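Asker: Sequence:
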Amino acid sequence: MSGIGVILNPHSRSNRQNPERLTRLGFIIGDKGALKSTQDISDLPTIMHEFKERQIDILAISGGDGTNHCTLTTLINEYGDTPLPKIAFLRGGTMNAIAESLHIYGSPEQILSNLIFKYHEDQPFEVEEVDVMNINGKYGFLFGNGLIVRFLEIYYKNKGGPLDALWLFVRVVAGVIFNTKRSQMLVERFDAEVIAGGENWGFKNFSFIDAGTIEDFCFGFKPLYRARSKPGCFQIMGCSGTARQILSTFPSIFMGRKMPRRLYEDSLVSEAEIHLERPQTYMIDGDIQDATDYIKIKTGPRLKVIVR
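Counting in the working numbering, the sequence shown runs from 1 upward without gaps.
Keep in mind the hints are simulated off the structure, nothing from the lab.
Remember, it's a predicted structure, so these values are computed and weren't measured experimentally.
Relax, there's no trap hidden among the hints.
Below, simulated PhoX-like cross-link-like pairs (lysine-lysine); rule was C-alpha separation at most 20 Å, straight line:
id: 1; residue 1: Lys-138; residue 2: Lys-298
id: 2; residue 1: Lys-304; residue 2: Lys-86
id: 3; residue 1: Lys-296; residue 2: Lys-204
id: 4; residue 1: Lys-230; residue 2: Lys-258
id: 5; residue 1: Lys-36; residue 2: Lys-52
id: 6; residue 1: Lys-52; residue 2: Lys-304
id: 7; residue 1: Lys-86; residue 2: Lys-118
id: 8; residue 1: Lys-138; residue 2: Lys-296
id: 9; residue 1: Lys-86; residue 2: Lys-52
id: 10; residue 1: Lys-304; residue 2: Lys-138
id: 11; residue 1: Lys-298; residue 2: Lys-230
id: 12; residue 1: Lys-86; residue 2: Lys-32
id: 13; residue 1: Lys-230; residue 2: Lys-304
id: 14; residue 1: Lys-222; residue 2: Lys-258
id: 15; residue 1: Lys-32; residue 2: Lys-52
id: 16; residue 1: Lys-304; residue 2: Lys-118
id: 17; residue 1: Lys-32; residue 2: Lys-118
id: 18; residue 1: Lys-86; residue 2: Lys-36
id: 19; residue 1: Lys-157; residue 2: Lys-181
Ranges between beta-carbon positions, derived for each pair:
id: 20; residue 1: Asp-81; residue 2: Pro-251; range: 42 to 52 Å
id: 21; residue 1: His-49; residue 2: Tyr-156; range: 22 to 32 Å
id: 22; residue 1: Gly-30; residue 2: Lys-258; range: 43 to 53 Å
id: 23; residue 1: Pro-279; residue 2: Thr-180; range: 23 to 33 Å
id: 24; residue 1: Phe-125; residue 2: Lys-230; range: 16 to 26 Å
id: 25; residue 1: Asp-31; residue 2: Lys-230; range: 35 to 45 Å
id: 26; residue 1: Asp-81; residue 2: Glu-50; range: 16 to 26 Å
Note that CB positions come from ideal geometry on N, CA and C, so glycine has one too.
Model the full assembly from the supplied sequences, consistent with the hints where possible.
Answerer: Have a look at this one:
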């Protein structure tokens, strides 16, 4: 066994609130691996090269979903055709939708302690295989634009926590009911041509488009109810509804049920293209990306994720 490599993002919300976490994780891992704290995303290539040279068995990541996607992008690019290590998500960020979707709970210290114990005792891990998406050359589990990214931009601007997100959501719902200017801005529609699995969607005007290889989106939403139903594929969905029409589908979104075809396009594919009339920002795992008028999504490597 070649050990465990741990990446910690000290700038993620939970880790920033717990500056002593680096010391605690270092104590937990001991001589069973290497712990690296990143001060900047530019640190990742050097760290991944070192982990590849060490032939680590497990890559553990402490940070939110944005940390996960940046780390996995660097990992996959560095390893190339070399088999990837198992992945362990330690949580520790503002958004932990990936961990939530895979039912990974606990603090980074708790998750890593369990990981180290099983590794030291040579006990089997409970592993789930999950596809990752290649989105314009970056890797992640979730994609979204339009309404989704505008909500995130407001949320990040306020720099709040989960309760602040809930309060923002309540205000947005109230805004939809009373047709406020903010709600109109959030659901501002855009024109796009979507080609999913080689077939053109009928809708050309959208409130948002999302895609993913996990069911949970952000803040408890589960619109991608069949994201993991077919290995090697992802679910992509586009909504053409108005604010009030979208609100009427919230029960289905929360419960992970099929959406009405009159409002939603829905495909399960291994490749999709989005041609936008105007450049716009989008998000990968909650991390907002620069504006573009073309997005290509295709299935990437299938990861082995340790869930217990």
